[in-house]
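Sequences and hints are given; from them, build the entire structure.
So the chains spell out like this:
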Amino acid sequence: MNMFEQARSADSVSGPPSKGDYFFDRAFQWLAKAFAWAILAVVAALLLEVGSKAIPAIKDYHIGFLTSTTWDANKDQFGILPEIWGTLYSSFLALIIAGFFGVMMAIFLTQDFLPPRLAAIFRIIVELLAAIPSVVYGLWGIFVVIPAIRPLANWLNETFGMIPFFSTSLSGPGMLPAALVLAIMVLPTIAAVSQDALRLVPYRIKEAAYGLGATRWEAILRVMLPTASTGIFGALVLGFGRALGETMALAMLVGNSNQISLSLFSPANTLAALLALNFPEAGETEVKVLMYAALVLMLITLAVNVAGTAIMTMTNKQAGGGR
Amino acid sequence: MSTNNPFDSGAGDWQPPDLGRSLTEGRALRSTLLSGLAWACALLASVPLLSVLYMLIVRGGSRLSLELFTELPPAGFEEGGGFGNAIVGTFVTVGIGALISIPFGILAAVFLAELGPDSKLASWARFCAKTLTGLPSILAGVFAYALVVLTTGTYSAPAGGVALALLMLPTVVLTAEEAMKMVTQKMKDAAYGMGCTRTQVIMKVVLPTALPGILTGVMLAIARAAGETAPLLFTALFSNFWLLEEGEMHLMAPIASLSVLIYNFSGMPFDNQIELAWAASLVLVMFVLIFNIVSRVFGQSKA
Amino acid sequence: MSAVLANALNPMGSPAAGVVIDCRLDKIFYGDFLAVRDSHVPIQKGQITGFIGPSGCGKSTVLRSLNRMNDLVRGFRFDGHVHFHGQDVYGANVDPVVVRRYIGMVFQQPNPFAMSIYDNVAFGLKLNRFKGDMDERVEKALRKAAIWDEVKDKLKNSGLSLSGGQQQRLCIARAIATEPSVVLMDEPCSALDPIATRKIEELMLELKTKYTIALVTHNMQQATRVADKTAFFSVDISKGGRTGYLVELGDTRQIFEDPREELTKQYISGEFS
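Quick mapping for you: the protein sequence lines, in order, are chains A, B and C.
At position 49 of the first sequence the residue is numbered 49 (the working numbering), and the sequence of numbers has no breaks.
Every position in the second sequence, counted from 1, becomes a number in the working numbering once 323 is added.
Every position in the third sequence, counted from 1, becomes a number in the working numbering once 626 is added.
What the hints contain is simulated information worked out from the structure, not anything from laboratory work.
One should not assume that every hint holds.
Derived lysine to aspartate or glutamate pairs resembling EDC-like cross-links, with alpha carbons at most 16 angstroms apart [claimed, not checked]:
hint : chain 1 : residue 1 : chain 2 : residue 2
1    : B       : LYS527    : C       : GLU765
2    : C       : LYS834    : C       : ASP854
3    : C       : LYS780    : C       : GLU765
4    : C       : LYS836    : A       : GLU286
5    : A       : LYS33     : B       : ASP441
Ranges between beta-carbon positions, derived for each pair [to be verified]:
hint : chain 1 : residue 1 : chain 2 : residue 2 : range
6    : C       : ASP714    : A       : VAL306    : 46 to 56 angstroms
7    : A       : ALA27     : C       : ASP714    : 25 to 35 angstroms
8    : C       : ASP714    : A       : TYR22     : 38 to 48 angstroms
9    : C       : ARG868    : A       : ALA38     : 38 to 48 angstroms
10   : A       : PRO116    : C       : ARG868    : 12 to 22 angstroms
11   : C       : GLY657    : A       : ALA38     : 48 to 58 angstroms
12   : B       : ILE613    : A       : ALA27     : 48 to 58 angstroms
13   : A       : LYS59     : B       : LEU376    : 42 to 52 angstroms
14   : A       : ILE97     : B       : ALA351    : 27 to 37 angstroms
15   : B       : GLY418    : A       : TRP30     : 22 to 32 angstroms
16   : C       : ASP854    : A       : ALA27     : 43 to 53 angstroms
Virtual Cβ for every residue (Gly too), placed ideally from N, Cα, C.
The following block contains the structure:
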């Protein structure tokens with residue numbers, strides 16, 4: 001079977017791989033491929049499981065589910081418009097705060113403001129922010145953030161109560177504390193991805209800006225940020241996606257109240273918090289309806305995340321091609 | 324700047340421009356102000372972390388004692404108690420998640436990095452893994468609920484483990500793929516040149532060389548999973564009892580976890596439970612940080 | 627393969643029985659790129675065949691075709707054949723893995739595995755499920771690679787802890803531990819200093835009593851010092867591409883003292899490089 005046998009010298013130990021080696025080789029490669037397929041299968045199963053379990057509720061409640069505002073398990077009336085509103089509003093507020101701080105942080109860490117050691121410390125701080133479990137942020141939000149902002153919130157309400165944003169007082173949980181904590185949680189994502197985007201700007205472009213006599217901030221604002229804008233936009237989209245799906249901090253801080261309000265201080269609810277709060281004690285009908293809500297949340301986050309990933313891929317390609 | 328500029332020999336009255344920077348000049352002033360703003364932002368962004376750590380140490384640390392690790396959670400109005408069963412539960416659920424996601428993730432990564440990096444399958448699998456990184460954790464719980472809880476008819480550690488595995492998988496796959504891609508071609512050439520089969524190259528050279536990077540990803544995934552709450556709420560649920568009760572293992576029954584305990588206790592009107600929630604947070608954050616640090620050590624030993 | 631045909635392929639006219647690898651590469655492509663053409667190089671048993679030529683002339687490509695290392699390169703295909711003891715190396719039922727176990731290789735950059743010196747050398751033995759005295763074989767290989775004295779006290783140390791020259795000799799020891807019948811060397815000294823280079827050259831002369839060696843080198847002097855036969859390759863840029871081809875093959879002495887081709891003469895006199 002070994003056609004090279006004659007080539008062996010007396011001392012040679014060379015020999016073809018054994019049958020076992022060949023079998024293992026095939027089996028291993030086959031297995032690895034199977035698991036690569038399995039990733040696709042997992043995503044498909046995710047969509048199918050949630051989708052199929054949501055079908056009965058979709059049949060019963062149709063599209064009106066998305067536009068109705070009552071959630072009453074006793075009367076079998078279900079609608080998630082307040083939750084959709086709360087999800088988008090809280091994520092949007094968090095995005096404004098975390099976007100500003102995150103991009104600032106990225107500039108601060110990539111544009112030579114700090115000696116490398118100090119920069120490393122700040123980088124670790126940002127990474128640690130991401131490492132703290134969300135339930136701990138929730139606890140911290142209840143006992144630190146809410147008491148801390150309540151006086152300011154109530155003063156704003158008393159003084160500027162005619163402005164819709166300040167139209168209610170902050171009695172405890174509410175939109176603003178939830179959005180603040182949410183912002184802290186998505187800040188690391190935005191800061192990290194924006195840093196990558198800024199680092200991808202070729203050095204010669206920065207050099208050119210300084211060479212033309214730009215101050216540091218002129219170089220940053222007029223050259224670096226515009227050049228990195230696609231990547232930073234991608235960072236914001238990914239951060240928004242994270243905020244949409246974040247559960248615990250919101251379940252603990254947003255107040256779980258089915259209402260639509262512009263006020264920063266009124267309690268609200270989000271899709272993820274709705275699932276977290278109602279699933280454990282849900283009856284058969286409610287589970288079906290919750291599956292419908294889960295499907296809505298999945299489709300919203302999926303769309304946002306796919307958009308973010310696509311933007312990131314595009315930026316990396318641009319940067320790769322421009323070099 | 325000196326006045327005997329070699330370039331101004333012709334014109335006697337030529338003055339070199341003032342190169343000294345004046346802070347009152349608009350452009351420079353604006354630049355300085357913006358730099359101040361950047362510093363302020365960076366410092367302000369560090370406040371939450373410091374505040375969280377401070378609260379954990381002060382409020383959680385004051386309650387730290389051995390009983391926490393050996394006793395069961397107290398009922399309302401009860402004094403004392405601990406969360407030993409929740410620590411066990413966290414280890415068990417995260418362990419199940421790791422058992423599923425690590426072999427799954429590494430084998431898939433072998434395909435993505437070595438066997439068919441440019442294939443259609445690989446690009447789809449990579450896309451799916453990246454999409455999964457953005458999956459809201461609560462939806463992992465919904466999935467495990469539909470797949471395991473409804474099938475087995477009970478909340479259990481395996482159900483929680485499946486939910487966590489789904490969240491760990493993309494981290495393991497993507498970091499393992501990166502680590503394997505870092506293995507140099509000359510290293511692989513050496514093994515091929517010896518007459519290794521593809522699998523032997525992967526098992527004997529690629530995986531051992533990429534091991535630190537793979538472990539980094541695994542540790543990060545474990546750290547993240549240990550802190551997850553949402554996916555456990557209605558898969559593992561919670562339990563006030565030990566996993567091993569009277570010599571019997573209750574694997575197919577609700578199981579406690581640190582994160583769910585923190586959530587449950589945070590909403591209770593009793594000081595004892597609130598204190599326990601802070602202490603549990605401290606323990607949980609320690610676990611998470613240890614895994615983070617270990618992953619960092621692995622990451623550095625790579626270089 | 628018939629002796630007549632083998633003879634016809636052999637421009638030297640030396641007995642076909644001495645040919646270990648009969649390499650007849652009419653065209654090598656990477657995708658659409660024609661990298662090498664018309665290169666027929668028989669590798670003689672018990673000799674060192676040197677491959678010289680300017681960079682990009684395809685000498686490494688030809689060498690790596692001999693034990694199918696090029697299979698790892700996307701888009702690689704070729705016209706022609708490579709026969710090892712009369713067996714088609716690229717035959718339909720031949721596994722490249724098996725080919726590489728008989729035709730070992732030493733690479734341009736020293737590439738020890740990230741494991742101990744001992745394990746590096748034992749790697750091939752373990753791969754082939756060697757059942758005999760492992761220590762003895764490892765020592766023998768290290769001695770043959772002229773590195774035994776330098777490493778005998780630190781066999782447990784990482785192979786990466788050695789100097790560049792030592793690493794390369796370790797890689798040679800690793801390649802010869804299983805006693806393959808041919809060792810391909812792809813510019814094994816290009817990353818080394820002159821002293822280490824000397825040592826490796828002495829080693830090659832030593833090794834050729836037992837192994838057949840094919841050596842790619844960018845250093846003409848090295849070819850004159852160690853090679854029995856020399857193949858001179860050049861680059862053809864006439865058709866817009868960069869295609870390497872064999873210009874001349876002969877005894878080393880003849881190539882350097884009395885080249886038949888004008889191009890060879892220009893190259894060895896240093897008119898281009």
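Checked hints:
1. LYS527/B <-> GLU765/C: 22 angstroms, violated
2. LYS834/C <-> ASP854/C: 10 angstroms, holds
3. LYS780/C <-> GLU765/C: With a Cα-Cα distance of about 12 angstroms, the restraint between LYS780/C and GLU765/C holds, given a limit of 16 angstroms.
4. LYS836/C <-> GLU286/A: 81 angstroms, violated
5. LYS33/A <-> ASP441/B: 13 angstroms, holds
6. ASP714/C <-> VAL306/A: 46 to 56 angstroms: 50 angstroms, holds
7. ALA27/A <-> ASP714/C: 25 to 35 angstroms: The hinted range 25 to 35 angstroms holds for ALA27/A and ASP714/C, with Cβ atoms some 28 angstroms apart.
8. ASP714/C <-> TYR22/A: 38 to 48 angstroms: At roughly 20 angstroms between Cβ atoms, TYR22/A and ASP714/C fall outside 38 to 48 angstroms, so the hint is violated.
9. ARG868/C <-> ALA38/A: 38 to 48 angstroms: Because 44 angstroms falls inside the window, the suggested range holds.
10. PRO116/A <-> ARG868/C: 12 to 22 angstroms: At 43 angstroms between Cβs, range violated.
11. GLY657/C <-> ALA38/A: 48 to 58 angstroms: 32 angstroms, violated
12. ILE613/B <-> ALA27/A: 48 to 58 angstroms: For ILE613/B and ALA27/A the Cβ distance comes to about 37 angstroms; the hint is violated.
13. LYS59/A <-> LEU376/B: 42 to 52 angstroms: Since the Cβ atoms of LYS59/A and LEU376/B sit about 50 angstroms apart, the hinted range of 42 to 52 angstroms holds.
14. ILE97/A <-> ALA351/B: 27 to 37 angstroms: At 30 angstroms between Cβs, range holds.
15. GLY418/B <-> TRP30/A: 22 to 32 angstroms: 28 angstroms, holds
16. ASP854/C <-> ALA27/A: 43 to 53 angstroms: Given a distance of about 45 angstroms, which is inside 43 to 53 angstroms, the answer is holds.
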